Amino acid sequence: MSLGAYLNSIGTSAKTIVAGMALTFRYLIRPSEIVTIQYGSKNNAPKERYVPDRHRGIHILETEKCIHCHICEKACPVDCITMDGTRDAPFDGAWKGDGCFISSFTLDLNKCIFCNLCCEPCPKECIHMGMEFDAAAYTRAHGVKNLLTDAPYSEADRVREAEARQLIEAAEAEAKRRKDEARKAAAAAKAQATPAAAPAAPGAPAAPKPPGLPPPPGAVVPKPIASPTPGMPKPPGAAMPPPPAPPATAGPAMPPPPKPMPPMPKPPTN
Amino acid sequence: MAESIQEINLNNDSPTRDNILITSVDQLVNWTRRSSVWPMTFGLACCAIEMMATGASHYDIDRFGSGPFRATPRQADLMIVAGTVSHKMAPRVKRLFDQMPEPKYVMAMGACTVCGGPYIKHGYHVLKGVDRLIPVDVYVPGCPPRPEALLEGLFRIQDKMKRERVLDRERIGLRPKLLVE
Amino acid sequence: MNAPHIPKAFAASDVRSEEMLLNMGPQHPSTHGVFRVVIRTDGEIVIDSESHVGYLHRCFEKHCESVSFLQSVLYTDRLDYLTSMGNNLAFSLGVERLFTDLVIPERAEHIRVICAELNRIASHLLAIGTYGMDIGAITPFLYCFRDREKILSIFESICGQRLNYNYVRPGGVAYDIDDSMIAAIKDFCKYFRPKAQEYDDLLSNNDIFVRRTANVGVLSKELALSYGVTGPCLRGSGVKRDLRRDLPYSIYSRFDFEIPVGTGERGTLGDCYDRYMVRVREMIESLRIVEQAVSQIPDGPFKTDQIKGKLRPPKGESFIRVENSRGELGFYIISDGKDVAYRVKCRAPSFHNISLLTDISRGAMIADMVAIIGSLDIVMGEVDR
Amino acid sequence: MMTPYTLVDWVLGDGAGWIARFIGAVLVWAVPITGFVSFVGLLSIWLERKISAHIQCRLGPMEVGYHGALQTVADGVKLLAKEDLVPADADRFLFAFAPILAFAGTVVGFAVVPFGPGLIVADLDIGIFYLAAVGSLEAIGVIAAGWASNNKWSLFGSVRAATQVVSYEIPMGLAFVTIAALAGTLSMSGIVDQQQGWIANWFLFRNPFTWIAFIIYYIAALAECKRAPFDLPEAESELVSGFHTEYSGMRFAIFFLAEYAQMYVVSAVAVVLFLGGWYSGIAPLDAAVGTGVAGKLVGAGIIVTKSFLLVCVQMWLRWTLPRIRLDQMLYLCMKILMPFGMLTLVGSTMWEYYFPTPEIAKVGGGWTGNTVMTGVVVAIIGTLSLIVYVRSVIRSTPSLRAASNP
Amino acid sequence: MTPDKVHEILKAKHAQAVSAFDPNPKHPSIKIAPEFWRVVAKTLRDDCGLDYLVSLTAVDRAAELEAIYTLEVMDGARCPIHVRVLVPRDNPLIATVEDIWRTADWHEREAWDLMGITFVGHHNLVRILCAEDWEGHPLRKDYKSPDTYHGIKNNVT
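Residue numbers (the numbering used here), protein chains in the order written: chain H, 1 to 270; chain C, 1001 to 1181; chain X, 2001 to 2385; chain S, 3001 to 3406; chain Z, 4001 to 4157.
Since the hints were made in silico from the structure, they are not lab data. This structure is a prediction, so every number in the text was calculated from the model and none was measured. It cannot be assumed that every hint is accurate.
Cβ-Cβ distance ranges computed for the label pairs, FRET-style [said to hold, decoys possible]:
| hint | chain 1 | residue 1 | chain 2 | residue 2 | range |
| --- | --- | --- | --- | --- | --- |
| 1 | Z | C4079 | H | L7 | 51 to 57 Å |
| 2 | H | V159 | Z | V4156 | 22 to 28 Å |
| 3 | H | A191 | Z | R4140 | 55 to 61 Å |
| 4 | Z | D4099 | X | T2263 | 30 to 36 Å |
| 5 | X | R2362 | S | I3215 | 34 to 40 Å |
Below are the DSS-like pairs computed for lysine-lysine, each with C-alpha atoms no more than 25 Å apart in a straight line [stated by the list, open to error]:
| hint | chain 1 | residue 1 | chain 2 | residue 2 |
| --- | --- | --- | --- | --- |
| 6 | C | K1094 | S | K3152 |
| 7 | X | K2195 | S | K3050 |
| 8 | X | K2186 | X | K2150 |
| 9 | Z | K4011 | Z | K4042 |
| 10 | X | K2310 | Z | K4141 |
Every residue gets a Cβ at the ideal spot worked out from N, C-alpha and C, and that includes glycine.
Using the sequences provided together with the hints, build the complete structure.
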């Protein structure tokens, strides 16, 4: 290594070290370059708003618009949404959805990976991912969130849901029984009507308009929900008592099949 | 949303837990522990990138005294398990936890460490939650949790440290339980 | 008392200096995640090393066979968790290739290119930052994260997540981007160009950094080709191969950008310095692509409407490769007509890049071993899948 | 030459027996010195975290006390309250004794570091020689720590520390000899007294070769403290954390304190040898202050601030430069520092022979030959840094850069 | 090196080895009988110049296990060709090509680890991704993930 190269190498390393030091000195003496958002600092609030509008945070459920279609439950890759309720008949202590009554809608934040796959296919866009992101907890149980009450899933929730389960079964059984009666009544009515009509118009070419849906046998006014059950902090929908839910139409027994999943809807406006 | 400190007593086993006497020595030592929680660089997967972001200039965990990320378990107080713990990695996690000097704390960062996260249904090689292996003090859900959520987790650990008692070796009521079904 | 034993002159062979078995264990500050190397050293010199991977095996391929196509886009996020947009893009292109007559709208194509290239810049920034930290300079790591934070905030305003985006989907993108986001991207481009100059002062031209990386871990062209190394590691050895130029997917053929190649300027061709410089120059090229794409972005739908309801690609097999920031990320997708894939194989670039560590690190010092692992820039989520 | 007159004599009078003098010395000096060492530790650890934060565009400790003032206190007490953990089959005695050895090796250097005109523990007439001798004591502590903690990584760290500290003592010794040849005495206060008067009298500006001696000394000092580009022994990214991998709690705190104490010692010696000790470099100011109690206080203030400025330069270096490799470190020592060290020794003595600084300059200091020489050197340094600054400004503004190299 | 030319070369050299050829331009594939695989692999690399093994995909077709080698010419026009080798499910043995393409080393270990195809002649065919003492081959369709591993419950949702 010639003397020239030797001195040259010392020269370049000195020059480059000084250049690097000049750069860091420029940062040292210029406090305006500091970019720290002072999150969590007690004495001064964070400088910039740190959560954008489309932030995927902890979920928010608009219970009134929910039609209890289980699409979000099926869309979740880790099955962290569990919901329970019925569309048939109201029962005590139910949250009123759009044409359904929900007894439980819990989301296990421990499992949730905040991927927004549940909010996209929701036909009514009633589940959104909110702005809140702080879910640190001392125990796993605290991570399970009850979306109906926006509070962690507590012991009381579990007890209430167990009772609701019985009420739902009772309500569904009763609804099914009423539907069977309606079908039997309709069948009996049709049996009398057809022998009278048959001899009259065997030759009529145009098929008679299929008989319209027989009117429901006397709209049985279901027992309106008693006053909103105590302990339900989030009043369901409108303040005035919910209108009596029309009993399931005597048509197809099961609720209308959920519409084929529409093409991916426009961006969530949460 | 934050769980109040009383809720820590969920798994308390000694009735005297509530009226424990926090002496002034405890308060001083707890203050020092609280204001210099040295995390251990234990980055496994994506959450490690968010942990680095928390240590970087934008969110700067050094403001709370947790700046020096110690590479060796011997000098660390807090083990942030950041990322998926696979079954092949589990014995290493256990050994690193044992190598840490007392009073040590564990923060399970991210859905993978809390309960297996996205790999909970079909992940045969993934440990479903690191609290099956080592007792976890604070769970921070998220995939990955934001740096702010990680800072909230740190504040939870600091709140927990407020209730320590220097002479109470077994940290009655505060030492978390292993999840054994 | 016999006479004290005076040993005759020491022959070199008498001196007992056995080799040491060092375990650069799964938890080591410089192994970039959970990667274990068992090194046999003679003093500081590494004689032989054996790599152990699999500490982050998260059963990606099993998940793709169990969850629907739409949900497995999630799991591609977590493969190379530094370029999630690139992984989503590769998987989406693979699924779209199964369809016969699928046309992706122009706006979606442009958004995809913008996001993939911005993610490449973010990934290279982290690669450069952690590489500087491996060599011992901690400040560049913090500068890289400060600039990377700006990209992450853009991504978060676009799709709501900072790291695992689940944004590029088969058939387009999940949400549209509006003018405020385009403005933010333009601001970033203006902001980042002079900042890239800073890294030259701190690292690229710094003589200590050059001495630590030049002529270290030289990867010859033949060794790279035989191990199937791709990406910046291959381009560092002087092989001009880039899928965006050789096999243009999406709309990359419309943008003009160069492929930076290692030239051996500070040492031999294919050393750690070349791989580092290729990444630095690639960031500037990606910036040019983003600027061109942002200026040409048309209006229109951000998602094709040919895919209705459940994503159910026709029966068949497809193999697609995309130039991710670490190399060629490939997906071999076999679908049998159902909405769950029959088999998905992910060809991860880091899996190849790290498999040659044994050959490349023979005879290096321990400090060089750290520099070599840093220059290969591996992500364990991708190696272990 | 003033008679050695130390504070102990002043306190006890000269008649007392040697036991009284020993206890007096302990009370008068040992307690304040360890107090000062812990103060230096607290302040410089906090300073390092704040400087590194501001360099890295972040804020550093903020929440613990105002701007993190109590941060180091919290760290220290927390480390005290940690579990006393000794690895399984480590060598218990050596494991426990190593940090003490390392800390003692550092603090013993404070004996000859002056804090003011009379404020010196032992004004040995072989001051610098004593420093050179004591310098390698700390290395023994580090080697013992590495060996005792039964961990391959710490063994690596300690062997690296051994090679580094021992090999960098030679260039440091050469710098000492250059100054001793100029000053004509080895005693620290003697050397400082030679630098009275104007700033031109400092040894740094005495002749162009002492510039190189200062740079050599500073680089060798960095290597002694195992800091900045030379932090191979506790290389964060290679050896997990070098020789103190297995140390936790109080023992680790002692190592930490020893490192910062040595940074101060090394800077203080640099100030004494090259930058005019407790003289402010403005003759009338020194004269006005005089040598009474006020003189001692002002002198102490000056020497401590100068030392802390040099400590800040060490921190600034650490957060900018990457780490060099083992063979490069030895190359730097053997192939660069030593030849240049010998060159400066020969050069400065020959310069002193041909351009002797007259007695007046040595004692009271008027404007003399070397002032012209100082002007020339300052001009060179000024233009050089101006060029570097202008070039960096040109390069950082793209428009100018495009114009400068089409 | 278009797929048709490769097909001709193989047809000429090893007529009985090539059992099927699918010229679809988007996804060309050739089926090779497993017993001739090592010889065909040599000709593929030497004569046809396919010197870059992109990836090895192991697929569990119900009756057989299939190894799909994706090969490509590194310097030429980059159109990959897929070579299929099907082996019976009960004793899946394929000759190793580790010395022909160096990438095959880790890929074969992974195929052995996840699918259970044994590569005869591999220098250390041990598990690469799963833990050393893992039982079973996870990617097979009939694989049931273990309930506990080292005493820690595994199958829990």
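Each hint, compared with the structure:
Checked against the hint of 51 to 57 Å, the C-beta distance between C4079 of chain Z and L7 of chain H comes to roughly 55 Å, which is consistent with it. In this structure the supplied range 22 to 28 Å holds for V159 of chain H paired with V4156 of chain Z, their Cβ-Cβ distance being about 24 Å. Take A191 of chain H and R4140 of chain Z: their Cβ atoms lie about 59 Å apart, and the range 55 to 61 Å holds. Between D4099 of chain Z and T2263 of chain X the C-beta distance comes to about 33 Å, which sits within the given range of 30 to 36 Å.
For the pair R2362 of chain X and I3215 of chain S, the supplied restraint of 34 to 40 Å holds, since their beta-carbon distance comes to about 38 Å. Proximity of K1094 of chain C to K3152 of chain S is assessed by CA-CA distance (about 21 Å); at most 25 Å being required, the pair is judged to hold. Taking the CA atoms of K2195 of chain X and K3050 of chain S, the gap is about 23 Å. The hint holds against a cut of 25 Å. A C-alpha spacing of about 12 Å is found between K2186 of chain X and K2150 of chain X, which places the hinted pair at or below 25 Å, so the restraint holds.
Proximity of K4011 of chain Z to K4042 of chain Z is assessed by CA-CA distance (about 14 Å); at most 25 Å being required, the pair is judged to hold. For the hint linking K2310 of chain X to K4141 of chain Z, the alpha-carbon distance of about 24 Å falls within 25 Å, and the restraint holds.
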